[in-house]
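Number of protein chains: 2
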Amino acid sequence: MSIVEDPNPRGGVLPDSAFLMQLVQVLRAEDSYGAWEDKSNAELLAEYVVTKEKGRDIPLMGDPEPETLWRLEKFYAAVGLRIEKETGCMAAPMMKMHHEGFGRIVLIAGRLVVLSKHLRDVHRFGFDSFARLAETGEALVAEAVGTIEIYPDAARA
Amino acid sequence: MSIVEDPNPRGGVLPDSAFLMQLVQVLRAEDSYGAWEDKSNAELLAEYVVTKEKGRDIPLMGDPEPETLWRLEKFYAAVGLRIEKETGCMAAPMMKMHHEGFGRIVLIAGRLVVLSKHLRDVHRFGFDSFARLAETGEALVAEAVGTIEIYPDAARA
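Order-wise, the sequence lines are chains G and P. All letters in the first sequence, in the order written, are residues 77 to 233 by our numbering. All letters in the second sequence, in the order written, are residues 77 to 233 by our numbering.
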């Protein structure tokens, strides 16, 4: 099986999205021991779907779970790789978490901050649906690509 | 006593340096309970002086001490404030520490990474002398000011 091919989509059909395929690739690259080989792509991405009902059950106290932070990092890693494919500029994430699920994440290409997001309620990081996950990822990529178009020299510095 | 005035410089005479005065100000601003009121400026900055001999005694194993990371953050906070005074651009630090004293720190103004440093052996963060501390700080400020002059639009975005 190729790294993103998914002939038997258990766990739901994924929307056709370059971002979702990139995210799957990022996640599968972490699977050094092949523990997820039997998982379909939709099963791999299932943890990113946090419906409103599911979210309400996650308390906003203390620091977010390490698994949640890990998913957040992989999400932005996928955004960075999509930016690179669209522009040729490598965009590296830097995240700073403060306490209680507040933080900031930036993606940096050359001298340019191509994306900057303040994070809150990271405990509940997730999306209503696969479609929403895809849309949000694509929108962030488009925003960053637009920023690079405004400041191309800084991005390529 | 004004926040940086130091009529009785115990612990050594500090070189005349805008950067050192900024760093003293940053440190004194953290002194909510007045615990350091009796300390001279040189005494406050003394922990930044790590001679080669002293450095060799600090093991490079595990993660750096929280006090060392705190000093590193305050050092770059002072760099950021000096940059703001020189250019009018607020430069906010973002630090990411990996394991074992490796990491990266960036200072961001608007959309611009005005300074980016990879860190290593952070356990031994310090300078040979007050003069070296001052020079290094001033050099980082000058580097960042130069970067802002190259990409003024991104810095003011």
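Treat the hints with care, since some could be wrong.
One copy or any two copies: either way a pair holds, since identical chains are not told apart in the list.
Distance condition first, Cα-Cα at most 27 Å in a straight line; then the derived DSSO-like pairs of lysine-lysine [claimed, not checked]:
hint: 1; residue 1: Lys193; residue 2: Lys172
hint: 2; residue 1: Lys172; residue 2: Lys161
hint: 3; residue 1: Lys161; residue 2: Lys128
hint: 4; residue 1: Lys130; residue 2: Lys161
hint: 5; residue 1: Lys193; residue 2: Lys130
hint: 6; residue 1: Lys172; residue 2: Lys115
hint: 7; residue 1: Lys115; residue 2: Lys193
hint: 8; residue 1: Lys115; residue 2: Lys130
If you're looking for bench data, these hints aren't it; they were derived computationally from the structure.
The hints, checked one at a time:
1. Lys193 x Lys172: Classified as both: same-chain Cα gap 11 Å, cross-chain 16 Å, threshold 27 Å.
2. Lys172 x Lys161: both (25 Å within a copy, 25 Å between copies)
3. Lys161 x Lys128: neither (33 Å within a copy, 46 Å between copies)
4. Lys130 x Lys161: neither (34 Å within a copy, 48 Å between copies)
5. Lys193 x Lys130: So Lys193 and Lys130 pass the 27 Å test inside one copy only (24 Å; across, 41 Å).
6. Lys172 x Lys115: neither (31 Å within a copy, 33 Å between copies)
7. Lys115 x Lys193: For Lys115 and Lys193, the Cα distance exceeds 27 Å both inside one copy (31 Å) and across copies (40 Å).
8. Lys115 x Lys130: Only inside one copy: Lys115 and Lys130 sit 22 Å apart there, 54 Å across copies, limit 27 Å.
Of the numbered hints listed earlier, those contradicted by the structure are 3, 4, 6, 7.
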